[in-house]
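*Asks:* Here's the letter readout for the chains.
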Amino acid sequence: MNRIPNHDSTHRSNDAVCWGSFYALTIVVSAMLFFPYVYSGSDFNPGPGLILLAITFLTIKRWTGAFLMVLCQTMLLLLEPQASHQQVFKHGLVWLALPVFLIMAVSRFRTLQERNPQTLRGVFAPVASFATNVAVPTSLVQNFGSAVVQLLRTGLLITGCSISAWIIMKMVPIGDADIGFSTLREFRLKASGYRLLILGLSIFVVYVLTWIAVTEISWRKLSPSQASIFLRSVFIKYYHRDLRMITLKRLKIRRKRARSIQPVSPDEFPAAVKGKT
Amino acid sequence: MLFVVREIAGWGLVAIALFLIRMGINFVSDPADPKIVEAGVIMFAATAVLRSGIMLVRVSTAARICSKEKT
Amino acid sequence: MTARSRWLVLLAVCGIGLGILRNQHVLAWLSLTVLLWLFAEWLCFYWRLYVELPRLKIRRLINGRSDTSAFLWAGRKINITVEISTRNCTLGPVVLIRDCLPENLVVEDGVCETQLLSRFATAAFTYEARVCGAGAAVLPGYRITLQDAQGFFAAERFVPDEKRFRVLPAFANVSESQPIVKRINSLPQHGIHRLQRAGLGSELLELREYVPGDPPKSIAWKVSARRQTLMTRQYESEVPVRIVLFVDGSISARIGGFGCRLLDQMTFVAGSVARSAISVGDPVGAVLFDERGSRRIAPSGGDRGFYKLLEALSDFSTNPAPPPQRLSRALLAATLRLCGERHPELLDPRINQVPFTFRPFRPSKRRDRYQRSLVAAILAEAYGLSAPQLLELVHDDTMMANHAQQFLADAGVSWMDPLVQTRDRGFHDGMATMELLSQALADSVAHARDNEVYVIMANLLECATNISHVLPAIKMALARHHRVVFIVPTPTFRRPASSINTDSAVTLQSLLAQAQDLRTKELASRLQTALHRLGARVSLSGEAEAIRLVLSETALARNGRVTTAGAR
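Residue numbers (the numbering used here), protein chains in the order written: chain Y, 23 to 299; chain G, 359 to 429; chain F, 5 to 572.
To be clear, the hints were calculated from the coordinates, so they are not data collected in a lab. Just so you know, even glycine gets a beta-carbon here, dropped at the ideal spot from N, CA and C. One or more of the hints may lead you astray.
As the list claims (entries may be wrong) - With a straight-line cut-off of 30 Å between C-alpha atoms, the simulated DSBU-like cross-links for lysine-lysine are:
1. Y/259 with G/428
2. F/61 with F/81
3. F/167 with F/81
4. F/167 with G/426
5. Y/243 with Y/259
6. Y/259 with Y/278
7. F/479 with F/525
8. Y/278 with F/369
9. G/426 with F/61
10. G/428 with Y/243
As the list claims (entries may be wrong) - Not the full set, but computed from the structure, chain F residues with beta-carbon under 10 Å of chain Y:
11. 12
12. 14
13. 20
14. 392
Take the sequences, apply the hints, and build the full model.
*Replies:* The following block contains the structure:
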């Protein structure tokens, strides 16, 4: 007979803390690797780097990965030259890989934090144990392997997505290289605008086809209760005005009838009750 | 039987919507003279047809599930 | 899709647009990568939800057994183990499985849920729960929350796995000691007691003068010769002492959490008295009365009779349909919460569609109307209502209140706010109880034989000032030589304190408790005065004192003594 592991509350909190520790480490490493690339250009400006660090730590505590995404996109918007596709932005791969890894690690950490609010506190316990030369908790060591496997799996997925993105961008035809657009009228004549249209349409088509397939397959797995509720709600949605008018009218008549019933005087009450029984 | 007919009609509408989307892409595909406004109108119509087709398919699927459960 | 992923999609789309328009390829590439990553995670999540999750198998063991229905005992702990396994695959990474418990079960040790943060094939969790009150306990199933690792997508499902349990009332083992020294000539059979009335027993009751019609063999010749007149021997009766338990199940007795209702006090006393009486061979019956009517259980003895009585008490303790209430926001909110727990998949906006209306205009009212429509759809599905009736639920407060109450009651929610309004209950409920009690008592006296002990357990505190409505029935019972004992349950489950405790710290709770005690004491003293005048004994609360009072009354009925060692 297979032994089924018992997950009591202590075991669960250790799990969350272990995974949280791993992903906190991933965040720190990714942020430190990304930090030097934030300085682009000849002038040294500590501002963007400090903002990156601040947002990274705030994201661990409170915010979500969307803020990191905004920060990275803003930095790219300001730092990346508006060049043609032949010119490659320096350290482009770094700017692609590390932000996505950061967003992934931060989102995972936030999920663990939501499941167990003690995760953030528990993360510092191994650090403290390192500092005081006390043995690292064995659960951290045991879960480290599975955490690395999961990280590699997600990393492979992200790599596959980035390669697919590159292929999609390459497949879209472009005209002459040009920079920017000034008016809506010029939009349709500019190569970049045209490229955006084609790319957007391509992604839209792929999304629609996948969406139809996935949702229709999932729709066929509805339970009878769900199907019944759906049909009832669709029927009401289509005939809502008429049905509502009929219902409200019926309620009005019923209330009027209830109000018009003669009240029984207290003396007649026992007789009235006897008559009913 | 009615459910099957309705579902086939729904899938038909979905196919028409996909055809309209293809037409829209064709309008835009010509780099020399892309018909963007026309493509926009076609895409809007395609979205409406797609939604109605999907609704027909879902209603007939749900009705089939309910009738199967009752029998 | 969670808010986290929606924001990322919006940012990714904006990033793609800006990146391509401004020919910033890395920006576009980064944004497109994030968008495709979210798309891939979406596909993986759907796979987990519709392919892997249906392969989940969950098994619940209660005290090591997996029966679908069984008996439990009120007040006792049960050990519940939930085993989770998957067929031919693993599931994850974030799965939260919670065993939904009814209100009648309270977790004492452990947690009734588990969260699995990585992919798993098997898992289990164990916890201990205590059964609060008699009646029924239904474990409906499990609530499963599935999330992807990054928290971009989440789905909730309910897996039904209904297990119904009948909860028998708890009882105290009150020991009965029989005299060691044999003081009577013959030892009556088990369950037969001497009654000091003329009968066909073997013990001499008295000697009296002969009257024509007395059997010749009853003439005491020696005494007659001494007295020079014919004397007849009169023997005692040997009869069983029947105990009839009157249990009040009216609305006021059912209000409160399981284990804290007045009815729970009464069933505890009833079970304890029955256990003690049946152990000495006295048959015990019951009359269970409430607004639905009264149910009479004929006195019977032995273990079979005892368990039959306990089963009847257990069925009686199961709350019936609650009294109609007005619709309130709290009631609607409670119903919505329960729908979210038991039917999360029916709250999906793709399935449970609410038609758009322009009115109401205020956002808060629009939200309330939307939630009410969602609840109405689920209630319509649960009770088989048609589409026009569903719309009536949305607009008719009375109909919505009735169905919401029914829904909560079917889920085993106790009679507390908001299901049943607990305020403004008092005198009128007491009047109704007295009417029911009078009727039940009169019926029972009509069916009674000799020498019965009536143990009346009813909530009469609120009508202590107008107890006269039930006095005629009590007088009738006493006139038939039955003994009548009143056990009046108190809201605090204990006797009111005899004096105010000035030593303890003054807090709001202590002041309220003392005020409640004073009020209870005042009402109890009036009740006791009125009933003592008739010769009925009264005890308050369901403590051991009340049980001992009943047992001493039955001892009196058996042999005329207060205690087994006392004198007549």
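*Asks:* Take the hints in turn and mark each one as holding or not.
*Replies:* Here's how the hints hold up against the structure:
A hinted pair counts as satisfied when its Cα atoms are at most 30 Å apart, and residue 259 of chain Y with residue 428 of chain G qualifies at roughly 24 Å. Taking the CA atoms of residue 61 of chain F and residue 81 of chain F, the gap is near 26 Å; set against the 30 Å cutoff, the hint holds. The straight-line distance between the Cα atoms of residue 167 of chain F and residue 81 of chain F is roughly 17 Å, inside the 30 Å bound, and the hint therefore holds. Distance hint between residue 167 of chain F and residue 426 of chain G is fulfilled; the C-alpha atoms sit about 27 Å from each other, no more than 30 Å.
Between residue 243 of chain Y and residue 259 of chain Y the CA atoms are separated by roughly 23 Å; this keeps the pair inside 30 Å, and the hint holds. The straight-line distance between the Cα atoms of residue 259 of chain Y and residue 278 of chain Y is roughly 28 Å, inside the 30 Å bound, and the hint therefore holds. At roughly 25 Å between alpha-carbon atoms, residue 479 of chain F and residue 525 of chain F fall within 30 Å of each other, so this suggested pair holds. For the hint pairing residue 278 of chain Y with residue 369 of chain F, the CA-to-CA distance comes to about 26 Å; that is within 30 Å, so the pair holds.
Straight-line distance between C-alpha atoms of residue 426 of chain G and residue 61 of chain F comes to about 25 Å, which keeps the hinted pair within the 30 Å bound. Distance restraint check for residue 428 of chain G and residue 243 of chain Y: the Cα-Cα separation of roughly 17 Å lies within the 30 Å cut-off, and the hinted pair is therefore satisfied. Interface restraint check: residue 12 of chain F against chain Y, minimum CB-CB distance 6 Å, threshold 10 Å, status holds. The beta carbon of residue 14 of chain F comes within 8 Å of a beta carbon in chain Y, closer than 10 Å, and the hint placing it at the interface holds.
Evaluation of the residue 20 of chain F hint against chain Y yields a held restraint, the C-beta minimum of about 7 Å falling below 10 Å. Interface hint status for residue 392 of chain F: upheld, as the beta-carbon distance to the closest one in chain Y is roughly 6 Å, under 10 Å.
The structure fails none of the hints (numbered hints given earlier).
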